[in-house]
Amino acid sequence: MRLLLKGGRVIDPANNIDAILDVLIEDGKIAAVGGIRHNEDMRADAVDCRGKIVCPGFIDLHAHLREPGYEYKEDISSGSHAAAAGGFTTICCMPNTDPVIDNGAVAGFVRRRAQEVGLVNVLPIGAITKKQAGEELAEMGELVSAGCVAVSDDGKPVLRSDVMRHALEYSRLFGIPVLSHCEDASLSAGQMHEGYYSTVFGLKGIPAEAEEIMVTRDLILARLTGGRLHICHISTKGALEAVKQAKASGLRVTCEATPHHLALTDEAVGSYDTDTKVNPPLRSEEHVAALREALASGLIDCIATDHAPHHFESKDCEYGLASFGISGIETAVAVIMDTLVHPGLLDIARMVELFTIGPAGVITANRATVGTLTCGAPADVTVIDPDLVRTVDPRAFYSRGKNTPFKCMELKGWPCMTIVGGRIVAQDGLVVR
Amino acid sequence: MGISAQSTQFDKRKDLLGLKDVSNEEIELILNTALPMKDIIRREIKKVPTLRGKGIITVFYENSTRTRTSFELAGKYLSADTSNLAVSTSSVQKGETLRDTIKTLEMMGPDILVMRHSMTGAPHYVARNTSMRVINAGDGTNEHPTQALLDMFSIRERKGRIDNLKVAIVGDILHSRVARSNIYGLAKFGCEIRVAGPPTLIPPGLDRLGVKTCFNLEDAIRGVDVINVLRIQRERQQTGLFPSLEEYSELYMLRPEHMSLAADDAIVLHPGPMNRGVEISSDIADGDTALINEQVTNGVAVRMALLFLMMGGRKDEIAA
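Residue numbers (my numbering), protein chains in the order written: chain B, 2 to 434; chain P, 182 to 501.
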C-alpha cells in the first residue's frame, strides 16, 4: 500500500525542509521525501498536492474528549472524528473525566476506545492528583505504564503549593511534563477578563493576575524541583514575561497558547454570546498583541486547542450560568491561518512548528515518532489548502460541542487531508471511514 | 388625537436593553413624551385608553418593589393589561430554564416583557429568543436604563437641561447598574461625570468612558450640578470590599455641609431604597435639594412614555 503526495510545499521543521517536494508513504511509514517520479511500477495512489502545504501530522496537546462520564458532551469517537477533520493526527486528552484518568485502568480504557475508533492517535494525560482533588498525588508510575504522556489537573489549578512541588519532583522519575492550569481561584471568580470591557458589559472580571500569580509560583517551584513544567493556555502579557525570564535563566519550561486567545479579544463578549465564555477568559487587546508576538518570536512553544465541547443546554442560558469552554479542534488550523498567517503576522513555517515539533517537544517520550516526516516515522501527515475559504458551520461539526465563537465566520486556509499511519482519515473536511 | 406623519425612532427598535446603544434622539423622545405622561398621573382620572388591548408582563428574578410597581402602574394608567410573574411562586423554583419560562409567557400573548434579572445579559439572551418586546428593568451589574432615564428626566425638569452639566455619582460603582446606565446616558449629552467611592468599588477603565474617578467624596462633588447617591449593599461589606458600614458612612455619607462644595442649587438624586445614615443623611434626604420623591413619580411617567413608544405610539397622540 503506497501513497504518493505529489508537488506540495513540504514543510518539515524537524528536518529543516521547506521546499516543493513529493512524499512517498509505504506500509504506514514515511518512505521517502524528495523529487519522486511517479510511474506505473510504483503501484502507488498519487495525490496532487500542488498549491497545498504538506506537513507532519499536527499534534494537539490539549483536548477534552469527555469520555468516560460526559459522553453527552463528546466521546472518544466524536472527538477523534473532529480531530481528524480538523487536521490533527495526534491528540492528548485531558483527564477531567468521570471517573478521572487518575489510574491505569481508566487510561487503558481511553487508549482501547481510541484504538477501536481507529482514526487518530490518542495519548491520554493522567491526573496530577487523585480525583483531581488537589490533595494526594495520583499513581504516576501506573499512569505512565498505561500510556500517559504527561500529568495535569487541567480544568482546575493545583492550589496547594506543596502538592505542586511534589508533583514536579516526582515527575522527574518518569521524565514527563506537568501540565499546569494556572489560576488563583480566590481571584478568578468572574465571567470575563477584567478591564475596560468588563466594566462596560457589567460582568464580573477575572484579572490577568489570577493567571500570572500561579504561573509565577509554578516557575518558582520548577526551579526548586527541576521538574518539567508546561503552562497550559497561557493568555496574559505578565505570564509571558515570567516564562521569558524563566527560559532565559535556563529553566526547562514550555507553554502553549490557544487559537481563541490568539484570535479574539474580550470585546467579543459584548453580545453576551455564551460561546465567548472560556477559562482563561478572552483577554484584552494588549494581552492578545503580546501573545501574538510571543508566538512569532518562539517564546510560545506550541498551539493547543483546549478543545472543550459542551452540551448546548449548558451554553443556551444566562451568561453567568453558562459553562466555560470552546469547541475548537475543527477550527484551530483555519483560525490561525486566517487571523495570523494570511495577514502576515505569523510565518507559515513557524505555524507548522507550533503544531508539530513544538508540541512533540513537550511530550518528549514520543518526540522521535510524532511531528516529523523523517523516513521510517509513522506516516502521519497533515495537508493544508492555504487558499480554501469556508464558513464555520457548527452544525456540521463532528464534535458534539457546537460551542464556538467563530460560528458563521468566513475563514481562509483549511486542512484538506489528514493521514494517520499512512491511511487517509479525513479529506476536504470530511472523515473517511 | 392627532396622528403624526413623522415616524419615531422607535419604529426600528424591538427592545430596550440598555442606554449604551440608545441614541440621543431616542432619549429625548422618551423624555419629551414623559412630560404629558406626568400630567396624566396628576389627573383625578389617571387613565387614558392609549394601550387598551395591549398586554404587559413583568418578570422579576430579583426582589424589587418600586420598579415593578412603577411599571405596573405605568401600564395601567395607559389601559394596558399588566400581569406580574412573582419568581418565588414560579416554575423557576422547579428548575425550568429561562428560555422555557419566557416561551411559556410569550405563548400567553403579551406584547411587552419587562424583566429584571440578577444576571448580566439575561434580558439580551431573552430578547434574542422571543418575539415579545423586552424592556430591561435591571440586569445584574450591567444596566438599569429606565432608572437612568428617570434620573435624566428629573435633572432636566429641575435644571432645564441635561447638556454639559457636571454630575457626581457616589457609592458602589463597580456593582451598580444605575451608575452604568447614568454614565452612558449622561455622557451622550456632554456631561462631565465624576464618580466617588472606595477604591475596591471602582471598576477599571472608567477613564476610557470619559469618567473621572475620585476616591474622595469632597473632590467628586466640588462644583457639580447633580449628585447621584447610590445605595450601598450590605453584602459588599460581607465580601470584604470595605471594612464596615460605619467607616463607609464616615467617608461617603452625603451631609448638608457637603452641599457648599457643590454648585449653587445643586440637586441630589437617589434611586432608592435609601439607607438613611449610611450613604445619605436624613437632612439631605428630606431637604430641598433632594429630588428623591419626585424621582418616583417621574419613574412612572418615563415608563409610561417608554411603553407607549414601544407600542408604536407617537408623541403628539397623547396631548389630547
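Please keep in mind that the hints were generated in silico from the structure rather than gathered at the bench.
Mixed in with the good hints there might be a few duds.
Said to hold, decoys possible - Far from chain P by the CB rule (all over 12 Å, computed), these chain B residues:
(1) ALA32
(2) GLN192
(3) LYS238
(4) LEU346
(5) ARG351
Said to hold, decoys possible - Pairs of lysine to any residue residues, derived as SDA-like cross-links and limited to a Cα-Cα distance of at most 20 Å, are as follows:
(6) LYS201/P <-> GLU268/B
(7) LYS201/P <-> SER272/B
(8) LYS205/B <-> GLY421/P
(9) LYS205/B <-> PRO385/P
(10) LYS7/B <-> ILE21/B
(11) LYS403/B <-> GLY421/P
(12) LYS347/P <-> GLY371/P
(13) LYS195/P <-> ASP274/B
(14) LYS205/B <-> GLN414/P
(15) LYS205/B <-> LYS195/P
(16) LYS284/P <-> ASP317/B
Quick caveat, the model's predicted, so the values are computed rather than measured.
For glycine and all other residues, C-beta sits at the position ideal for the given N, C-alpha and C.
Verification of the hints:
1. ALA32: holds, 55 Å
2. GLN192: The claim breaks: GLN192/B does not keep its Cβ more than 12 Å from every Cβ of chain P (closest is about 8 Å).
3. LYS238: holds, 15 Å
4. LEU346: holds, 25 Å
5. ARG351: holds, 33 Å
6. LYS201/P <-> GLU268/B: holds, 14 Å
7. LYS201/P <-> SER272/B: holds, 12 Å
8. LYS205/B <-> GLY421/P: holds, 16 Å
9. LYS205/B <-> PRO385/P: Holds, because 11 Å separates the two Cα atoms, which is no more than 20 Å.
10. LYS7/B <-> ILE21/B: Holds, at about 9 Å.
11. LYS403/B <-> GLY421/P: With Cα atoms ~39 Å apart, LYS403/B and GLY421/P exceed 20 Å; violated.
12. LYS347/P <-> GLY371/P: holds, 9 Å
13. LYS195/P <-> ASP274/B: holds, 19 Å
14. LYS205/B <-> GLN414/P: holds, 16 Å
15. LYS205/B <-> LYS195/P: violated, 27 Å
16. LYS284/P <-> ASP317/B: Answer holds: LYS284/P to ASP317/B is near 14 Å, not above 20 Å.
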